[in-house]
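**Student:** Here are the chains, one letter per residue:
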Amino acid sequence: MSNNNVSYNEQVSLESGVDAAQENSSIPASVSGGLFSADYKKNEDLKEMLESNKDSQKLEAMKRIVGLIAKGKNASELFPAVVKNVASKNIELKKLVYVYLVRYAEEQQDLALLSISTFQRALKDPNQLIRASALRVLSSIRVPIIVPIMMLSIKEASTDLSPYVRKTAAHAIQKLYSLDPDQKEHLIEVIEKLLKDKSTLVAGSVVMAFEEVCPERIDLIHKNYRKLCNLLVDVEEWGQVVIIHMLTRYARTQFVSPWREDAVFDENSEKAFYDSEEERKVEQVKPYIMDPDHRLLLRNTKPLFQSRNTAVVMAVSQLYWHLAPKHELNIITKSLVRLLRSHREVQFIVLQNIATMSIQRKGMFEPFMKSFYVRSTDATHIKILKLEILTNLANEANISTILREFQTYVKSQDKAFAAATIQAIGRCATDISEVTDTCLNGLVLLLSNRDETVVAESVVVIKKLLQTQPSQHSDIIKHMAKLFDNITVSMARASILWLMGEYCEHVPKIAPDVLRKMAKTFTSEEDIVKLQTVNLAAKLYLTNSKQTKLLTQYILNLGKYDQNYDIRDRTRFIRQLIVPNEKSGALSKYARRILMAPKPAPVLQSAFKDRDRFQLGTLSHTLNSQAIGYLELSDWPAVAPDQSVRIVEVVEPVKETGAPVHGKSKPGKSSEKFYSDSEEEEEEEEEGSSSEDSSSSSEESESESESEENSDDSNKSSSSQSDSEKKKKTLKNKKLQQQKPDGKDRKQKNGNAVKGESRSESESASESSSSESSSESGSELDSDSDSDSGTDQKKNTRSKPVQSTLVTKQVEKKEVSLLDLDDFSPAAVPSPKSSILSPSLLSDLQGLSISPTQSALQASSPVFVPETSHELLHRMTGKGLSAQYRFTRQPCIYGNSMVSLQLTLSNSSDQALENIHISEKSSTGQNIHRFNAIERLEPQASVTVSMGVDFNDSTQAANFQLCTKEDEFSVSIQPAVGELLLPITVSEADFSKEQGKLLGMNESSATITMTPENVSSQSVNRKVVSVANLGVIPSSQENIHRFAGKTVSSGCLVLVSVALKDPDAVITINTERTVMGSMLLRQLKTALTNSDP
Amino acid sequence: MIHSLFLINNAGDLFLEKHWKSVISRSVCDYFFEAREKAVEPDNVPPVIRTPHHYLINIYREKIFFVSVIQTEVPPLFVIEFLHRVAETFQDYFGECSETTIKDNVVIVYELLEEMLDNGFPLATESNILKELIRPPTILRSMVNTITGSSNVGETLPTGQLSTIPWRRAGVKYTNNEAYFDVVEEIDAILDKSGTTVFAEIQGVIEACVKLSGMPDLSLSFMNPRLLDDVSFHPCVRYKRWESERVISFIPPDGNFQLMSYHISAQNLVAIPVYVKQNISFFETGSSGRMDITVGPKQTMGKTVECLVVTVHMPKVVLSANLNATQGTYNYDPVTKILVWDIGKLNPQKLPNLKGSLSLQSGAPKPEENPSLNIDLKIQQLAISGLKVNRLDMYGEKYKPFKGVKYVTKAGKFQVRT
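First to last, the protein sequences are chains A and B. Counting with UniProt numbering, you get residues 1 to 1093 for the letters of the first sequence. Counting with UniProt numbering, you get residues 1 to 418 for the letters of the second sequence.
Some hints here could point you the wrong way.
Claimed, not checked - In silico DSSO-like cross-links for lysine-lysine, where the CA-CA straight-line distance does not exceed 30 Å:
hint : chain 1 : residue 1 : chain 2 : residue 2
1    : B       : K193      : A       : K198
2    : A       : K965      : A       : K997
3    : A       : K326      : A       : K463
4    : A       : K482      : B       : K366
5    : B       : K131      : A       : K84
6    : A       : K89       : A       : K73
7    : A       : K193      : B       : K21
8    : A       : K47       : B       : K103
9    : A       : K223      : A       : K198
10   : B       : K403      : A       : K997
11   : A       : K370      : B       : K277
12   : B       : K366      : A       : K411
13   : B       : K38       : A       : K73
14   : A       : K196      : B       : K240
15   : A       : K198      : B       : K21
16   : A       : K965      : A       : K1061
17   : A       : K63       : B       : K103
18   : A       : K124      : B       : K21
19   : B       : K403      : A       : K370
20   : A       : K997      : B       : K388
21   : B       : K410      : B       : K366
Don't read these hints as lab results, they were simulated from the structure.
Okay, chain A solo, but in the shape it has when bound (with noise of 0.2 Å):
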């Protein structure tokens, strides 16, 4: 051991010698001679002071010396007066005189080990404040003869009472290994003590210390694990941060992975090939399990999302992202979303970890689009990542307001902004082909910009762009050719000239034309410009050589003269490889093959392409490329590893947060682990049943497995008989309930789940319809359209661009299991399959939001959803743009105080319709969403878009223009008073609670006279929720049923009741608004004494 230690002194000494030197070499730079000479003198006083017999004087002399090292000073002579208070009494020069042996010990070792004596004494003091500081010290006297002394103390403190010594013992881990990595054996034995260690104090340090010391040991964390989810809330706030990530590795060795759902679903080739049945059996071979552990670690680190730790909101969101199934990624948005809130450094890196988000999962920002507009006074490179972010959120759908506001950025004052803007103009250009042409207009607009840069910059972006497609842009060169006069910019013109001989032949005409231009002025041209005017020179000459033969013996010969030996030299090598002559030989032969062959288009792509390849919130991602010390994100194991290894035999109640989990043994059996925290156990419970995990979501769950047969049939059914298409829906509809199981298995103990997958009900809901409504064509609506059968009108709108994207939307919704609602729905009125993204995408898109709701007043996802449309426009009147509206009967997407409404636009004509919008001024006060205008249907098409209307809760019409691009009709959508509501969820006390403070003139009553068929609770749940978008209450008393929602706008509550008395029943109404009381109360009554369904 001595023999090693010497070795090491060597090495050391030799090293802070050559620190010594740095810090000689960077003394004088900032310190002129004279003021050095002058310090010299202050440090002959400072050594008197610190012999002096007051503690005030010395402490005085401290405090100069510590101002001294702030500055950088060199202060090292003194060493010897200092080092001998190190035993002083008082607590501030003793503290003072640590700071100095910390900075210098490195460098006088020999004199440091005078002071070691005092701090083995001290770490025996009873003031544990004292023991800790002694300990942090001495460990942090990089002196490497006390390496012995250092590992006693760090495993004598380790055991110590207080847990802050051994938080100090944790951190002393860390620098006594890189002091001396030959300890590693004996400090990864303390780690794994203090690994045990209960208090919250020690698990974030010691974790630090596992990271530095032995990241590879996984094995240490086994046992370790629950306890450390379990603590994790309670951890001070940066060892969350340390916890947090490497508890993300730990995840990814130990579980499977929660994605492969998606994997199967990518796989198109695969699908195909499975029969129907086939897919059954491999449902039921591997049904997906999260392990209760996963689901422990993703559900103990969400209430971090809260936190105001900047550092810890993100790694949770990386621990998410790295291991959460992609349904619940959405949680993530938010909380990011708010911190670019923070400062600038902050917003830089969430931004950077956003941009490479956003480019594999579009939808989860997409809502967010404006949190990204950009700010005249954000910094540059902040304004650049929104830029990028932005571009990756574009789509069809959004593009226009994307452009819109690149519009505004385009003009800025910042240019480095400006060019980047054009930029990704030209990288939407690529990606979405609709707006191509906009765009080169755009960008061909921008040419005659004052700005060098933005000229630039726009030239070369068109010239990418036009590679990609230049046989449809010859006008776009002409216009080009155009404007070349104006444009001085010499980037710029060498770009066109470069255009104009790449494509000479699309525009024969031209291309000569501005050779002779260039001729002329060839002289006073920059070097970049001859070069590309000699390139089109002998590009011409080899397609058109009877115009331009003279020509490009002008230019070659004034070529040849030139100054620049660069364009001499071009010039020499181009006339003997285009002009035959008898030494040119072979290669002149080849010349059209090598001066036109066809260049591959440049590829415009995010430059946060690839850095998903680093673990999200690391310098290495930030840098994006390897930091050193940067821990590998493994991948999901295939198998997942003895899980049994975290088990725990003994539990002993730890004081604060509630006990380790209890050993158990299968997975999805929740309810064998306890927790001593009450509230954990009782949502633990909820989750132990997993089918009847909410109250209100009981029934349905219930109905779920026949639903699902009933959906299997009607697929068959419609397979049956339909073409290849539809096979492949239903295949992803068999991939739906293959999912299923493991949407029930895993415990969703937070309202977000439960609401997530009661969301789904409806979905599924919309789902069944619709496929049931694909099997018998023929519908109320294809009555409209009367040429064409509605699998036919189906096929139109799919081919459809504009489709597309709803299809494929239609795709990733379906992540989300099956249930039905067939009790509810009364013969569902089919509706042609264009109204696809009714109300389940809305409810996806919904789902972004997951603001956490009450439990008192709970908004839950409508009972029902009339299928039944209403018409706003008819053909006769539109000039064959016929318009449906129907109530989706969802939360609106556009603003909270909205009713979402769905329109169906279909074109009967036999032209094509353009630019069919919703014109900006709307006649009366409501306050509308407009769709985004849709710049072409087809005839016979029809497209479904949605839209929101803020009806103040009144019934007064909203009426609107509807225009093409030729007509504009005036239209209105009158809602029913049912339509102004939202169901909500409250327990049966709550409700008479709330139903007791809305009395007197808040509630109105009526009593009717049922017919005998309508009273049964069913029949009497549907007539309501038929009428009204309420939420039923699951009622005690058999004849009494009670429905609660709130209204739209703003939020009122609105209670219905109906109490049955054979034969009479008596409906009760309590809302604030009267009004709206009373006519649901009038429509109530004619909806209950109605026979027919």
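Given the structure of chain A, go ahead and fit chain B onto it with the hints provided.
**Tutor:** Frame of chain A, contents of chain B only:
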């Protein structure tokens, strides 16, 4: 994790260095200076700079660059967040975080940095704990210290460090027990040329000043908690209660702290309190331009708009401004090219107007884009989102505290494009 810290002022002088592991020569900052030079504006300095052997992560705050040296992989936000915490601690201790105060209190700064990090890993960042370890400087205390020789360094481990509520110290006593809450909302908005809202949202924070004896357990509830779309809390808030009951339940830190911040969903319509009519034009010839700005009230909910300030970042070619303000004063700084028009209170009867001519550098082409206007304003007694505190209850202590809630609305990043 964090190896060293260098503080550098705006002029490029390195005035403080602190190392937590072995000493790293300050020459490493040359890479920073290089980047600083390239960036021109201090705001444009990239937060993460790579050097051959180290990584520099820096923040710019109060005209000081906090440059930290990192040697191995670490979440960059971890460092950034910590550096901001350091700056906030300085602010807390010295009233402001500036080069002068740091130089004046270099010993306390050093002691603080020593306590905040151990071996580069944060040790104590909670201000309550730090203040027990190192007492903030006051004139009285420094006088007493010089006479008695006592120090401003605590001798025992702060109780908070060990407890599960590290943010609160034990044995707090006040004669007047009071708890104040300020609901501060900021409107972030981008308005376009015609005055229509391109983007608007409301961000709010609840700042608390709690001076209560003992261990009070408070719970704060809102009339309309559903307005809150996204929230983040001080660690003291019990998240589970919020999840289940929408009640903010907490044992508060002692003194001033930020209880929570929240976000009102962008889907709610945001009331924009003022409108701006502006006309800025630059002439093709004569190297001059005209400017005419009028500000008026829009949706102020019947309250007065105060502290109205319009800031314009002029294009580089604008040399001077010759304007006439009907209310308030304006000031154009030809170096930074920033025009500030301080209006003060907005009088709906007589709308403030700023009008006049701008003179441009002769010969330079006229600017292509008109500068956008940044609006600053304040409305007392109003939370623009309509958020209302319902009640504040205290448990765990017997006395009756004095409670108060104040609402303020401010403009956040409020920009009018022209």
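**Student:** What's the verdict on K193(B) and K198(A), does the C-alpha distance respect the 30 Å limit or exceed it?
**Tutor:** violated, 60 Å
**Student:** Are K403(B) and K370(A) close enough, with their CA atoms no more than 30 Å apart?
**Tutor:** Given that 30 Å is the threshold and the Cα spacing comes to 38 Å, the pair is violated.
**Student:** Take a quick look at whether K366(B) and K411(A) sit within 30 Å of each other, Cα to Cα.
**Tutor:** Measuring from Cα to Cα gives roughly 13 Å; hence the hint holds.
**Student:** Against the 30 Å threshold, does the CA-CA distance of K63(A) and K103(B) hold or violate the hint?
**Tutor:** holds, 12 Å
**Student:** Taking only the CA atoms, is the gap from K124(A) to K21(B) under or equal to 30 Å?
**Tutor:** Given pair K124(A), K21(B) holds - Cα atoms ~25 Å apart, limit 30 Å.
**Student:** When you check the alpha-carbon spacing of K198(A) and K21(B), does it fall within 30 Å?
**Tutor:** holds, 28 Å
**Student:** For a C-alpha distance cap of 30 Å, please report whether K131(B) and K84(A) respect it.
**Tutor:** holds, 29 Å
**Student:** Does the alpha-carbon distance linking K193(A) and K21(B) stay inside the 30 Å limit?
**Tutor:** Since the Cα atoms of K193(A) and K21(B) sit roughly 25 Å apart, the hinted pair holds (cutoff 30 Å).
**Student:** Assess, step by step, whether the Cα of K196(A) is no farther than 30 Å from the Cα of K240(B), and give holds or violated.
**Tutor:** With a Cα-Cα distance of about 27 Å, the restraint between K196(A) and K240(B) holds, given a limit of 30 Å.
**Student:** Decide if the proposed pair is consistent with the structure: K965(A) and K997(A), CA atoms, cutoff 30 Å inclusive.
**Tutor:** Violated, at about 53 Å.
**Student:** Against the 30 Å threshold, does the CA-CA distance of K370(A) and K277(B) hold or violate the hint?
**Tutor:** holds, 24 Å
**Student:** Take a quick look at whether K223(A) and K198(A) sit within 30 Å of each other, Cα to Cα.
**Tutor:** Status holds; Cα separation ~12 Å.
Figure legend: structure checked against the earlier numbered hints; hints not met, in rising order: 1, 2, 3, 16, 19 and 21.
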